[in-house]
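Engineer: Take a look at the letters that make up each chain.
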Amino acid sequence: MKPRAPRRKDDRGHWWTGGGVERAVIRIVRRLSPGFARRKITRRTRLHDDLGWDEWYVLRVAKPVRSTLHEALDDRALLSLRTVGDLVDRVWNAMDAPA
Amino acid sequence: MKAALGSCLLLAAAAGSAIAQQADAGHRWDLLVGHSYSSARALMQPATLTLEKVRGSPLYSVVDVGAVARGSVSARTWLEMGLRARAGSARPESQQVYGAMARAYRELDPVLLAVGGEYQTDGAFGTHALDATAELTPLGGLPGLGTWVSPDLHLRWRPWIGVAAGDGVVPYARLSADWVQGRLEAGVEETAWLVTGSGRSFVKGDVSLKLVEGIFLTASGELGRSPPTWENTGRIGLGLGFRLAP
Numbered sequence: 001m002k003p004r005a006p007r008r009k010d011d012r013g014h015w016w017t018g019g020g021v022e023r024a025v026i027r028i029v030r031r032l033s034p035g036f037a038r039r040k041i042t043r044r045t046r047l048h049d050d051l052g053w054d055e056w057y058v059l060r061v062a063k064p065v066r067s068t069l070h071e072a073l074d075d076r077a078l079l080s081l082r083t084v085g086d087l088v089d090r091v092w093n094a095m096d097a098p099a
Numbered sequence: 001m002k003a004a005l006g007s008c009l010l011l012a013a014a015a016g017s018a019i020a021q022q023a024d025a026g027h028r029w030d031l032l033v034g035h036s037y038s039s040a041r042a043l044m045q046p047a048t049l050t051l052e053k054v055r056g057s058p059l060y061s062v063v064d065v066g067a068v069a070r071g072s073v074s075a076r077t078w079l080e081m082g083l084r085a086r087a088g089s090a091r092p093e094s095q096q097v098y099g100a101m102a103r104a105y106r107e108l109d110p111v112l113l114a115v116g117g118e119y120q121t122d123g124a125f126g127t128h129a130l131d132a133t134a135e136l137t138p139l140g141g142l143p144g145l146g147t148w149v150s151p152d153l154h155l156r157w158r159p160w161i162g163v164a165a166g167d168g169v170v171p172y173a174r175l176s177a178d179w180v181q182g183r184l185e186a187g188v189e190e191t192a193w194l195v196t197g198s199g200r201s202f203v204k205g206d207v208s209l210k211l212v213e214g215i216f217l218t219a220s221g222e223l224g225r226s227p228p229t230w231e232n233t234g235r236i237g238l239g240l241g242f243r244l245a246p
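Protein chains in written order, with my numbering: chain S, 1 to 99; chain B, 1 to 246.
No lab work stands behind these hints: they were computed from the structure. Here the structure is a predicted model, which means the values were calculated and not measured. Where is the CB? At the ideal position from N, CA and C, for every residue including glycine. Keep in mind that the hints are not guaranteed to be accurate.
[To be verified] Derived CB-CB ranges, DEER-like:
| id | chain 1 | residue 1 | chain 2 | residue 2 | range |
| --- | --- | --- | --- | --- | --- |
| 1 | S | 37 | B | 211 | 29 to 35 Å |
| 2 | S | 82 | B | 71 | 16 to 22 Å |
| 3 | B | 117 | S | 11 | 33 to 39 Å |
| 4 | S | 37 | B | 223 | 38 to 44 Å |
[To be verified] Far from chain S, by Cβ distances over 10 Å, these chain B residues were calculated:
| id | residue |
| --- | --- |
| 5 | 49 |
| 6 | 58 |
| 7 | 100 |
| 8 | 103 |
| 9 | 124 |
| 10 | 129 |
| 11 | 163 |
| 12 | 166 |
| 13 | 193 |
| 14 | 198 |
| 15 | 202 |
| 16 | 223 |
| 17 | 224 |
| 18 | 232 |
Extracted from the complex, chain S is given alone in its bound form:
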């Protein structure tokens, strides 16, 4: 029997898997980077070097993360993110693990 993927709860009480969070974050990043091929955006994609986001553009993820994943991320921490994977991990770590 396949083990069940670990799940975590967002601030509205919705349950997410790590894969679900990753897909949702990649969708948000893709929407903010028009012109970039869909499959080019992965966990390893660098926000500044590969997508060209400047220091302040990264703050645009805060609002869709709040509305889609129901997590309020610290803006100052967003400024030091390097990759899409860092953002996925930041959102996942902000969610509540089951007791």
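Fit chain B to the given chain S structure using the hints.
Structural biologist: Below, chain B without anything else, positioned relative to chain S:
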């Protein structure tokens, strides 16, 4: 030369503490070192130290360096505190600038608001300016605003509008643009002020070749009038650039 040494010490101390902070994954404060803290663009432009030697005269230096420490206040608000120097023995004292500032940012998607205070003085400590500033930039939304124009054209731009209140109220606008291709980076930043009914502007640009991570060969130039003295300046220089960001 004293100014150059002081700036180098600031740079070395900043680098040391940044490395120490980066080792601590749970740190609450980041330290950034760049050309100046006057804007995000200036902070991302490498700090430069240029030494000039002309036969029969002493060794001259030109330094442009700024350091900013950044920490959280709340989820959508954070603080920056910084020091900067535009100095060196090759610059007349009237064209040297030393400054210190504290600035608070608030993300109000779709815009970012920055409110702060800055003290500036010239090299002779004869002219002092203490200003409060408030400025706004849109986070994005137009092609190339804050992000590359396209995957093939690595060009981006960012506008700011603001007002400085000190010795009078001075509205200003700033526009910066960056282009990156491989190890080569180029940038230009223009600031325009409306001072007692007349316009003043200052433009600076740089072209940098990355030698190793954080170290650049940098050609830079500047032209125009900038606070606190509004003296007309213009120079072109070539030097070693240094940038540190978390």
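Engineer: Would you mind marking each hint as holding or not holding in the structure?
Structural biologist: Structure-based check of all given hints:
1. In this structure the supplied range 29 to 35 Å holds for residue 37 of chain S paired with residue 211 of chain B, their Cβ-Cβ distance being about 32 Å.
2. Taking 16 to 22 Å as the suggested C-beta distance range, the pair residue 82 of chain S and residue 71 of chain B conforms, at roughly 19 Å.
3. A C-beta distance of roughly 35 Å is found between residue 117 of chain B and residue 11 of chain S, which places it inside the suggested range of 33 to 39 Å.
4. Separation of residue 37 of chain S from residue 223 of chain B is about 41 Å and conforms to the stated range, judged on CB atoms against 38 to 44 Å.
5. With a closest Cβ-Cβ approach of about 24 Å to chain S, residue 49 of chain B is found to remain outside the 10 Å limit, as its non-interface label requires.
6. The Cβ of residue 58 of chain B lies farther than 10 Å from every Cβ of chain S, with a closest approach of about 39 Å, so its non-interface assignment holds.
7. A cut-off of 10 Å between C-beta atoms confirms that residue 100 of chain B is not in contact with chain S; the least separation is 21 Å.
8. A cut-off of 10 Å between C-beta atoms confirms that residue 103 of chain B is not in contact with chain S; the least separation is 13 Å.
9. Residue-level check passed: residue 124 of chain B sits 34 Å from the nearest beta carbon of chain S, beyond 10 Å.
10. Chain S leaves residue 129 of chain B outside its interface by the beta-carbon criterion, the shortest separation being 26 Å against a cut-off of 10 Å.
11. With a least beta-carbon separation of about 19 Å from chain S, residue 163 of chain B lies farther than 10 Å from that chain, consistent with its non-interface assignment.
12. Listed as a non-interface residue, residue 166 of chain B keeps its Cβ farther than 10 Å from every Cβ of chain S; the least gap is roughly 25 Å.
13. Separation of residue 193 of chain B from chain S is adequate, the least Cβ-Cβ distance of about 22 Å exceeding the 10 Å criterion.
14. The Cβ of residue 198 of chain B sits about 31 Å from the closest Cβ of chain S, beyond the 10 Å cut-off, so the non-interface label holds.
15. Annotated as non-interface, residue 202 of chain B keeps its C-beta farther than 10 Å from every C-beta of chain S; the closest such distance is 21 Å.
16. Against chain S, the non-interface label of residue 223 of chain B holds: every CB pair exceeds 10 Å, the least being about 24 Å.
17. The claim that residue 224 of chain B lies off the interface holds: its Cβ sits roughly 24 Å from the closest Cβ of chain S, which is beyond the 10 Å cut-off.
18. Once the 10 Å rule is applied to beta carbons, residue 232 of chain B is consistent with being away from chain S; the minimum gap is 30 Å.
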